[in-house]
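**Student:** Here's the letter readout for the chains.
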Amino acid sequence: MARLGEKYRLHEDRLLGMSIGFPEVPYTPSEPGSLRGFKLIFYDATDAKIGELGSDIKTGKVSDIQFELMPLGCGAFSFICDDYPGFDIAYRTRVDIHPYFDDTPWFTGFVQTLPQPGKKRPYEYTGFGFFDQLDWIMVTETYGPQDIQDIVKDIVQNIVAPDTSIIYNAAKVENTGYTIDAIDFYLVPAKEAIQSLADMATGFEFGVDDSREFYFRAKDTDVNHSFWAGKHFQEVEIMENPYTIRNRLYIKVGLIQGEGFGYIKEGSNCIGYEEDAASIAAYGLREAVITAPDVLNTDDAREWAKDILSVIKDPDIEASINSVLLDTTRTKISAIGKAKITTHDGTEYELPIKKINYSISISGIVGKIDLGY
Amino acid sequence: MSIAKLKLIDSIGQEYTLPKTFELRSDPTGRRTSLMEMAFTHGAKDVSDSMFMSKFIEVSGKIWAANDAEYNVKWDALAEHLIKDNIQIETRGRRINLKKVVGITHDYPLPLAYPYGEVTISFEAADPFWYTALAVQKKIIIASSPNLFEWDIGGQMETWPLITIANTNDNFDFTFINKTDANRTLRIIDPNAAAATTIYIDCAAGTVLRGTTNIISKFSGLFLRLLGGRMNEFSYTGANCTLTMDYYNAWI
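From first to last, the protein sequence lines are chains V and G. This note's numbering applies: residue 806 is where the first sequence begins, and numbers increase by one. This note's numbering applies: residue 1212 is where the second sequence begins, and numbers increase by one.
Don't take each hint at face value.
No more than 27 Å apart at the CA atoms, straight line, and that leaves these computed lysine-lysine pairs for DSSO-like [unchecked claim]:
id, chain 1, residue 1, chain 2, residue 2
1, V, K863, G, K1231
2, G, K1310, V, K925
3, V, K1036, G, K1310
4, G, K1390, V, K863
5, V, K1111, V, K1057
6, V, K1160, V, K1145
7, G, K1231, G, K1349
8, G, K1350, G, K1390
9, G, K1295, G, K1311
10, V, K1137, V, K1160
11, V, K977, V, K1024
12, G, K1295, V, K925
13, G, K1310, V, K863
14, V, K854, G, K1311
15, G, K1295, G, K1218
16, V, K863, G, K1266
17, V, K1036, V, K1057
18, V, K925, G, K1311
19, G, K1216, V, K924
20, V, K863, G, K1350
21, V, K863, G, K1273
22, G, K1429, V, K863
23, V, K1159, V, K1137
24, G, K1256, V, K1173
25, V, K863, G, K1311
26, V, K924, G, K1295
27, V, K1160, V, K1173
28, G, K1256, V, K1137
29, V, K863, G, K1295
30, V, K1160, G, K1256
31, G, K1273, G, K1231
32, V, K924, V, K1024
33, V, K1145, G, K1256
34, V, K924, G, K1310
35, G, K1216, G, K1231
36, G, K1216, G, K1256
37, G, K1266, V, K925
Selected chain G positions facing chain V (Cβ under 10 Å, derived; list incomplete) [what the hints assert, rightly or not]:
id, residue
38, F1233
39, E1301
40, A1416
Hints were generated in silico from the structure; no laboratory data involved. Just so you know, these numbers come straight off a predicted model, no measurement behind them. Here a beta-carbon is modelled for each residue, glycine too, at the ideal position from N, C-alpha and C.
Using the sequences and the hints given, assemble the complete structure.
**Tutor:** See the structure below:
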């Protein structure tokens, strides 16, 4: 039985004219179901999981994560810990980044710099995607006549994959339909060798994806993402740069030419030029010399030059979208294809995606997208 | 009614009761915010992680003594506790974890009949929540699978348990879900989790052990948390075991 007056012992409702009490539905932390947060999973050189750092525990250890995706795949990354993580992170430790606890990592890379002994906390680890390992291996081989697809397969399967963490998957090396007559690589970094082949294939790109698998594919020219000012991003900077335009390219290759190549000087390794008349008419004649020392065939060299010319005959248009909000879609944006951006006045731009910088911090999960040719 | 005094508890459980003149003040705290103003849009969007911020706890009071020597003994005893890291302070049956002391003011007014001093101490509470002094333990014997059960979790905030799986049978693959927390799921596939082994999943620290062996490589999914102030429904799928959770109820 209640004591006299107990009913009115807490008088807030009488004094303040309001009732207090517990709400029928209690506080719910950080939107269950939406799973905002992240997880980093670490693997040793044998691909055995050695640890993880995430926001699904009470004592989170990571204050800031940055990583970037580019047409070549996963680029640079870094993360900052308040202390050592409790397991050994070494050079070449693999890091998979799972924003929103996505089952599929948005990024995979390996650690390249570690905090040095004696350094004060916090500790920063940095690294790069596995694409970087293409620079570690030299190619010394002569090919031809062969389809570019077969040359790329041979380089990746037999030269790159055995000595790096890059995985060869034949299905991810696409047919180009172009046969190279002769090409001679002598101590050329694999990245440079494959870049030459991609240029000759015209409209191809290559890289290492978030499964660590090498890919060689036709550039996607579809619009894969659309963003509206005020809805999906905060601001956009759009710049046009006409200073990089070149519309006549003289081509030097890896053999000395004699007579029979037009006005080219005898004994020179210049085999001619490619030009774009429309660009010359619009912007005036702008010349440059390009060199492909590995190429031994003039037709191959011209294909390569045409691909370069198609990019630099027009002014660079670059755009940068800052602070893209990812919470709405929680979907990874890859640097594949084009993005359409619509500015506040309705102007639309369709530009290839060059790079996406992701940031995970107390300020949430946001992206910055660089677009342009 | 007796008024409970404030207590300091160090990391190994030693307690020190503050003089009865001491009182406690909790500095303001709140959830993080990071407003992003969008072009040509009214207002702004909050893009932050919305977690609660750390805060400061201030304790102040007077120390009285019969003479200077006693005063110094009392102050030295208090100071001995203040200089430690990772202490707790307890009031009204709840404790808060304090990283370290970040400010001490000690005034020596002119003695009246007895020497006395005025002390104000500020602590950094990196973890902003208050907890039960003792861990709460819940236990269930799993004799069939899948097994659905629910436990009433006290407090108000989310809290991270230590989950102990004492395997009765071989338990090479099990899944544990907090259905109340949007089906947050963990899974352990461990071919060495034989009968009579014990698995410890520390959801606060993010560690997974079988006995004393680190088996984080066998873990997938998310570390579970408990939602305070409500029934939490769980689902366990795996071999028979005794499942125990130890946790602290948490309040803001």
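**Student:** Please go over all the hints and tell whether each is borne out by the structure.
**Tutor:** Here is how each hint holds up against the structure:
1. For the hint pairing K863 of chain V with K1231 of chain G, the CA-to-CA distance comes to about 34 Å; that exceeds 27 Å, so the pair is violated.
2. Between the alpha carbons of K1310 of chain G and K925 of chain V the distance comes to roughly 18 Å, so the proposed pair stays at or under 27 Å and holds.
3. Restraint check for K1036 of chain V and K1310 of chain G: not satisfied, since their Cα atoms lie roughly 41 Å apart, outside the 27 Å limit.
4. Distance hint between K1390 of chain G and K863 of chain V is fulfilled; the C-alpha atoms sit about 19 Å from each other, no more than 27 Å.
5. Restraint check for K1111 of chain V and K1057 of chain V: the C-alpha separation of about 13 Å stays at or below 27 Å, so the hint holds.
6. Restraint check for K1160 of chain V and K1145 of chain V: the C-alpha separation of about 15 Å stays at or below 27 Å, so the hint holds.
7. Distance hint between K1231 of chain G and K1349 of chain G is unfulfilled; the C-alpha atoms sit about 36 Å from each other, more than 27 Å.
8. Annotation: proposed proximity of K1350 of chain G to K1390 of chain G holds, straight-line Cα distance about 18 Å (limit 27 Å).
9. A distance of roughly 7 Å separates the Cα atoms of K1295 of chain G and K1311 of chain G; the hinted pair therefore holds under the 27 Å criterion.
10. A distance of roughly 13 Å separates the Cα atoms of K1137 of chain V and K1160 of chain V; the hinted pair therefore holds under the 27 Å criterion.
11. Between K977 of chain V and K1024 of chain V the alpha-carbon distance is near 13 Å, which keeps this suggested pair within the 27 Å criterion.
12. For the proposed pair K1295 of chain G and K925 of chain V, the alpha carbon gap of about 21 Å is at most 27 Å, so the pair holds.
13. The hinted pair formed by K1310 of chain G and K863 of chain V meets the criterion: a straight-line CA distance of about 15 Å does not exceed 27 Å.
14. Taken as a hint, the K854 of chain V and K1311 of chain G pair is broken in the structure, with Cα atoms around 35 Å apart against an allowance of 27 Å.
15. Between K1295 of chain G and K1218 of chain G the CA atoms are separated by roughly 14 Å; this keeps the pair inside 27 Å, and the hint holds.
16. The straight-line distance between the Cα atoms of K863 of chain V and K1266 of chain G is roughly 17 Å, inside the 27 Å bound, and the hint therefore holds.
17. At most 27 Å may separate the alpha-carbon atoms for a hinted pair to count; K1036 of chain V and K1057 of chain V exceed this at roughly 49 Å.
18. Between K925 of chain V and K1311 of chain G the alpha-carbon distance is near 18 Å, which keeps this suggested pair within the 27 Å criterion.
19. The suggested pairing of K1216 of chain G with K924 of chain V is violated, with an alpha-carbon distance near 42 Å, which exceeds 27 Å.
20. The straight-line distance between the Cα atoms of K863 of chain V and K1350 of chain G is roughly 22 Å, inside the 27 Å bound, and the hint therefore holds.
21. Distance check on the hinted pair: K863 of chain V and K1273 of chain G sit about 36 Å apart at the alpha-carbon level, beyond 27 Å; violated.
22. Using a Cα cut-off of 27 Å, the hinted pair K1429 of chain G and K863 of chain V holds, with the two alpha carbons roughly 20 Å apart.
23. In summary, the hint linking K1159 of chain V to K1137 of chain V is supported, as the alpha carbons are separated by about 15 Å, within the 27 Å threshold.
24. For the given pair, K1256 of chain G sits about 17 Å from K1173 of chain V by alpha-carbon distance, which is consistent with the 27 Å threshold.
25. Simply put, K863 of chain V and K1311 of chain G have alpha-carbon atoms about 19 Å apart, close enough for the 27 Å limit, and the pair holds.
26. For the hint linking K924 of chain V to K1295 of chain G, the alpha-carbon distance of about 24 Å falls within 27 Å, and the restraint holds.
27. For the hint linking K1160 of chain V to K1173 of chain V, the alpha-carbon distance of about 8 Å falls within 27 Å, and the restraint holds.
28. With a CA separation close to 21 Å, the supplied pair K1256 of chain G and K1137 of chain V stays within the 27 Å bound.
29. For a cut-off of 27 Å, the pair hint linking K863 of chain V to K1295 of chain G stands: about 23 Å separates their Cα positions.
30. For the suggested pair K1160 of chain V and K1256 of chain G, the alpha carbons sit about 24 Å apart, so the restraint of at most 27 Å is met.
31. Note on K1273 of chain G and K1231 of chain G: the hinted pairing holds, with a Cα-Cα distance of about 9 Å set against a maximum of 27 Å.
32. For the hint linking K924 of chain V to K1024 of chain V, the alpha-carbon distance of about 44 Å lies beyond 27 Å, and the restraint is violated.
33. Proposed proximity of K1145 of chain V and K1256 of chain G is supported: the alpha carbons are some 22 Å apart, at most 27 Å.
34. Of the pairs offered as hints, the one joining K924 of chain V and K1310 of chain G holds, with about 22 Å between alpha carbons and a cut-off of 27 Å not exceeded.
35. Using a Cα cut-off of 27 Å, the hinted pair K1216 of chain G and K1231 of chain G holds, with the two alpha carbons roughly 6 Å apart.
36. Using a Cα cut-off of 27 Å, the hinted pair K1216 of chain G and K1256 of chain G is violated, with the two alpha carbons roughly 44 Å apart.
37. Of the supplied pair hints, the one linking K1266 of chain G and K925 of chain V holds, its CA atoms being roughly 24 Å apart against a limit of 27 Å.
38. Given the 10 Å rule on beta carbons, the hint for F1233 of chain G is violated: about 26 Å separates it from the nearest Cβ of chain V.
39. A least Cβ separation of about 20 Å between E1301 of chain G and chain V goes past the 10 Å threshold, and the interface hint is therefore violated.
40. Taking 10 Å as the C-beta contact cut-off toward chain V, the hint placing A1416 of chain G at the interface holds, the least distance being around 6 Å.
Hint compliance for this structure: hints 1, 3, 7, 14, 17, 19, 21, 32, 36, 38 and 39 are not met, and every other hint is.
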